[in-house]
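S.K.: The residues making up each chain are set out below.
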Amino acid sequence: MYTQALDLPDPAQRGLQAVPPPAASVRETELQSHFDAKIDADRKIEPRDWMPEAYRKTLVRQISQHAHSEIVGMLPEGNWISRAPSLKRKAILLAKVQDEGGHGLYLYSAAETLGVSRDEMLDALHSGKAKYSSIFNYPTLSWADVGVIGWLVDGAAIMNQVPICRCSYGPYARAMIRICKEESFHQRQGFESLMTLMAGTTAQRDMVQESVNRWWWPVLAMFGPPDANSPHSAQGMRWGIKRISNDDLRQKFIDATVPQAKVLGVTLPDSDLKWNDERGHYDYGAIDWDDFWAVVNGNGPCNKERLATRVKAHEDGQWVRDAALAHARKQQARQLKEAA
Amino acid sequence: MSDISNEWPLWEVFVRSKQGLEHKHCGSLHAADAQQALQMARDVYTRRMEGVSIWVVPSASITASEPAEKEEFFEPATDKIYRHPSFYAIPDEVGHM
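In order, the protein sequence lines correspond to chains A and B. Start counting the first sequence at 4; every next residue gets the next number (the numbering used here). Start counting the second sequence at 1173; every next residue gets the next number (the numbering used here).
Hints should not be assumed to be uniformly reliable.
Below, in silico cross-link-like pairs of lysine-lysine (PhoX-like), each with a Cα-Cα straight-line distance of 25 Å or less [unchecked claim]:
no. : chain 1 : residue 1 : chain 2 : residue 2
1   : A       : K255      : A       : K265
2   : A       : K340      : A       : K315
3   : A       : K60       : A       : K47
4   : B       : K1252     : A       : K60
5   : B       : K1252     : B       : K1242
6   : A       : K315      : A       : K333
7   : A       : K184      : A       : K255
8   : A       : K315      : A       : K132
9   : A       : K255      : A       : K132
10  : A       : K184      : A       : K315
11  : B       : K1242     : A       : K41
12  : B       : K1196     : A       : K184
13  : A       : K184      : B       : K1242
14  : A       : K93       : A       : K47
15  : A       : K47       : B       : K1196
To be clear, the hints were calculated from the coordinates, so they are not data collected in a lab.
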């Protein structure tokens, strides 16, 4: 599961963007041109290779936002584990939520190779300084939401994540390959669960439609602001971190999803959605970016609840982490004493 | 910088995907001790039967070559093309050799 949040500007850094880089030393110019040549040749950058500070910072921000999204993404679905309609669906949902936790861990590890500690990243999340995907700030009100999250949210995530498998930073690209392999299960289980509901009663079909109506627009916003308003995009493209623009990914997702909705028998809530023969794509209506920014800036329906749940889980687990460490140190001390 | 002294140490994880193949690096994780690192590696990296054996190594125990010295470090091998079989021309009639 994942995120537009990929490249959400950090408000604290906005001011810094305008400051011109300091005059580089000769040595640095040489390293920079070596780095640029590698990027141009589509070769990977590895953890201990020289890299521009701005490249490192962008990656730390992007990978940690991505990791936070995976971890916070466990919450909306976790809400339904104890209320899944059958043992089969419960086992599937547990496996999926566990995968999201795993994805978060792969990504935190990848970010740590850039010299940022796990604690620093968690602090940034818990203090509200770091962002995560705004999609997880919407509530899961019905069981159909679990299916729709799999189908649409994970579907959008896959669209977004596949190009990152070719990211210029080795550890991020490798983590993404692993994640993408697992993500397909997430989307398919969601779609299959919705097909089951659509073959059920009128009330079940209505529940699916109501859920699709709620999720469709926030899902389209997951791809991020339109290219014209996406200040980081050009630099991300230059660095081989971003491969396909927000608008192109969004279009690709819509084109892929419309036929799926037809198979499912649901209507996508957009009266402007229609095939454009000339463009060879579906046209779609205007996205409410004010709503998107309101959610990003902390005013979505669940922002406070999600963060509070995350902080509580972290604080409640503190004694376990302390005890495990104390035990390990004690064992180590005992071994040293015996050896002496 | 936050205080990292109470962070669980970092471990590198190597997984043998099947009997007969080598262990391959697949990522890292934090764990309090080696036993816990193994169990966590199992949960994080082998949820879909990706492995039959796992090694965990404290990341701090790994000594790595310097990327900046890559050219000098690997230089001894760059001018010894006679170490490759393709260096030697053998008549076609000899067949596969």
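S.K.: Flag every earlier hint the structure violates by its number, smallest first.
M.R.: Checked against the structure, the hints that fail are numbers 2, 4, 6, 9, 10, 13 and 14, while the rest are satisfied.
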